[in-house]
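So the sequence lines, in the order shown, correspond to chains A and B. Just so you know, my numbering puts 69 at position 69 of the first sequence, and the rest follows in order with no gaps. Just so you know, my numbering puts 201 at position 201 of the second sequence, and the rest follows in order with no gaps.
Simulated from the structure, these hints should not be mistaken for laboratory data. Computed from a prediction, not measured in an experiment: that's the story for all the values here. Worth double-checking, as some hints may not be accurate.
[To be verified] Here are the simulated DMTMM-like cross-link-like pairs (lysine to aspartate or glutamate), alpha carbons at most 20 Å apart as the crow flies: (1) A:217 with A:204; (2) A:36 with A:229; (3) A:103 with B:191; (4) B:193 with A:82; (5) A:217 with A:30; (6) A:128 with A:180.
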Amino acid sequence: MKSSFDELKLDAVTRRFAGAGGAAFNALSELTMTIKRGEFIALLGPSGCGKSTALNCIAGLLQLSDGTIMLDDTRIDTLPPEQRGFGMVFQNYALFPHMTVEKNVGFGLRMRGVAASEMAPRVAKALKMVQLTGQEHKLPGQLSGGQQQRVAIARAIVIEPPLILMDEPLSNLDAKLRIETRAEIRRIHTELGRATIYVTHDQDEALSLADRIVVIKDGAAHQIATPQEVYSRPANLHVARFMGYRNVLELDVESEEGGRVALSGPGIRLTGTRMLPLSGRRGCVAIRPEEAVLADAGTTNTIAGRVANVEYCGRDSLVDVLTPAGTLLHVRSARAPQVGDPAHVHVPVERALVYPVT
Amino acid sequence: MAAAGAPLAREPFDRTLLLVSPAALFMLLLFVYPFVYGLWLSFTPKEGGALANYTHFFTTDNLWPTIWTTLRLALPATLINVGLALPIAFKMRVKTPYQRWVTTILVVPITLGTVLIAEGMLTYFGPKGWLAQFLQFFHLYDGAIRLTHNYTGVLISLVISGFPFSFLLILSYITGIDPGLARAAATLGADPKAQFRHIYLPLLAPGLAMCFCLAFVQAFSVFPSAVLLGSPAGPTRVISIAAYEAAFEVYDYSLASAIAMIMGFVQFVIVVAVLGLRNLFYRGPMIGGKG
Chain A
1 MKSSFDELKL
11 DAVTRRFAGA
21 GGAAFNALSE
31 LTMTIKRGEF
41 IALLGPSGCG
51 KSTALNCIAG
61 LLQLSDGTIM
71 LDDTRIDTLP
81 PEQRGFGMVF
91 QNYALFPHMT
101 VEKNVGFGLR
111 MRGVAASEMA
121 PRVAKALKMV
131 QLTGQEHKLP
141 GQLSGGQQQR
151 VAIARAIVIE
161 PPLILMDEPL
171 SNLDAKLRIE
181 TRAEIRRIHT
191 ELGRATIYVT
201 HDQDEALSLA
211 DRIVVIKDGA
221 AHQIATPQEV
231 YSRPANLHVA
241 RFMGYRNVLE
251 LDVESEEGGR
261 VALSGPGIRL
271 TGTRMLPLSG
281 RRGCVAIRPE
291 EAVLADAGTT
301 NTIAGRVANV
311 EYCGRDSLVD
321 VLTPAGTLLH
331 VRSARAPQVG
341 DPAHVHVPVE
351 RALVYPVT
Chain B
1 MAAAGAPLAR
11 EPFDRTLLLV
21 SPAALFMLLL
31 FVYPFVYGLW
41 LSFTPKEGGA
51 LANYTHFFTT
61 DNLWPTIWTT
71 LRLALPATLI
81 NVGLALPIAF
91 KMRVKTPYQR
101 WVTTILVVPI
111 TLGTVLIAEG
121 MLTYFGPKGW
131 LAQFLQFFHL
141 YDGAIRLTHN
151 YTGVLISLVI
161 SGFPFSFLLI
171 LSYITGIDPG
181 LARAAATLGA
191 DPKAQFRHIY
201 LPLLAPGLAM
211 CFCLAFVQAF
221 SVFPSAVLLG
231 SPAGPTRVIS
241 IAAYEAAFEV
251 YDYSLASAIA
261 MIMGFVQFVI
271 VVAVLGLRNL
281 FYRGPMIGGK
291 G
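Next comes chain B alone, as it looks inside the complex:
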């Protein structure tokens, strides 16, 4: 025993902590520095005071609405992705012979780039694409089919490229829940619907919030499909297009940085709001008792 009042011995420095340094350096060089540089750049406009870029953004008619345009795409896309992935992942939680096949098919789009998906969609969903030809050939729908070069096209592409991501994430959360809990609930009188509502959903809620955040951030930074499949001059003029134009068409890096900062801020606000909601739910081990 140490004498009373003697200072506690300090933990010796754990040298294995040094192994973190390459990763820390990497973060510093490739994330922190560019971010801080961009932030600084956004406050040093070509002309005007420090806030000139921000005032410009929020007073220019083809800039500030891009926030809504992007939100109008990203939020529904995220909701659709998470909302679709949840029931499918729930069905896929039990090992069946088909599980592997279904999972593989659902996940394939993740391996395709957004550009490839856009390319495919243009031939498939286009006005003279296979889908249109098929529907018209069988006279299932004779009107004009406009699924590309507009809002719908971008939304579909966001769902195709974003769904596998949400699906895999939710699947891993669901399979982490002890199936014994649902069995216990069943013996206590809970039908499958009640089991989902009272057992799976509350335990999944934090995971769903996390999945929502990640899927949202991914969708909010949409760029290639908004250009290739949308109408980048109008309804799908998303915020990243505005940043791109500022940087590479007007060569105003300062304004582009400001737009990127605003973009980051919007994502940050949504993520913080959703993660705040997440704290309302139980977070902890998802097994009941000793494993």
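One chain only, chain A, in its complex shape:
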């Protein structure tokens, strides 16, 4: 077990499960990536996509069906979890209910045979880091959800692991606490200077925390990139849909020129930016509601329609515009129009992303 490392290499990591009727299916197929020290990686995807499987494979709680995991020059995928020495924070915290906060946090040190005299200051330091000083002698059952969560983090970091694995650690907290703890997790990550792999289904969490995001769907990594890249240039339509491109229109391709694509459909003429080579005469344009605006008639690159619904959201409103052809578009708008008003939805050419039809 080492406390530091340079690179964690996942090579074609695959995990198969026996599915219904005995047929095997890939919960995770051929995940290949390299994680450097100090990096914060988010595994992002809808529930059941295989992101927790990936995390459990790295932790050693699940065995690989194929592939290898290397920590620098050591192959670790054949080691049991207790010999990998990664800290893990579980979704339901998995605190030991019969041990006090202090004993919970000290457990990893005890398993490593750390002397009692050395243990106490290290436990105290970890508890201080998660701001739980003074709660040492409580049992987990006496703590609130947020406090339990922080005990779980303290328990994982006290052993000073090279890698911290977090499995949706915030999903059981309320909205306010979630945002606070999120900042806390990022702070602790920076303070420790180790690597963190963080599983979440929440794109905001992934965007705000991670240095790199791995978007997973159906067991496969669809994009591995920085938050900016994933947010503004999704690798494919799946990623786009998941990253909040709520408007996806399938249209005819009229012409392509230098990355710009002219598209048309019933009552729609639109120019967009090509993201992937198009095959065939049809293409899908993906537009984020925040990047479309309600414009005046006569503006270029617009789609005309009528306001079908307005949802007030505080800072702005979410406006649904129904085109004559029956397509519903979602637009974020600072001003709230009346239902039934004619509307023109404008999208900048570079923010109308065109993908092949899948």
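Chain A is already provided as a structure; the job is to place chain B on it using the hints.
Below, chain B alone, put in the same frame as chain A:
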């Protein structure tokens, strides 16, 4: 808000509580009354003062040692049952294709009565039983095999009939422990042995104590197998045999009641001692955090 000092309104009587009455009546008629009657009976001996039966019991050479005889059978049988059931139940806690089969096979003896088990054991373990014939045929063991009509026979029968009970009880306790706790312990460096010692065992301890008590009470009241498989005149003259003789051979119901009371008292002492130990351990939910 009620005015200061005004008495708090009383909770209205919850009429659904009346649904308990049939069960309460049942307890009263079939448990409390016979017990109190027996207690009273034990203090009204045929002759002598109120304590005559008890003095008789503790001064008669074929009565008071039955306590030890019974303890000598019941305690080892209980320890063996709980001790065997724990590792097997631990292995069976994860769902595997074999789990159902193994569990079924282990539990079958619970459906057989003690008499049936005794019958089977007499043919199987007896001096000319299958086991003896098998061992002698293959010359694995040529000495005389005496596994029935003695202490061993009764002990084996107590294990056969008592094991499934302990096993099922412990299995239900073990499966109630969140397996995520052991996984968490593993990521913190605990090998399977340490996981068992630091996570499962402390969380199981109260359940094991409970299981011990129930298994012990069951074993302490051994009667049919002590008669059929033991030597009821000697080493397996258990306390229930003494009570039976007093009641149905001497027709001294008063003495029999006194023996039953002593039997109950011994069980009570052991159970209280074990449950007292149980309080030393954590008792509470066996999951860590939000489920």
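Hint by hint, work out which the structure violates, then give me just those numbers in ascending order. none
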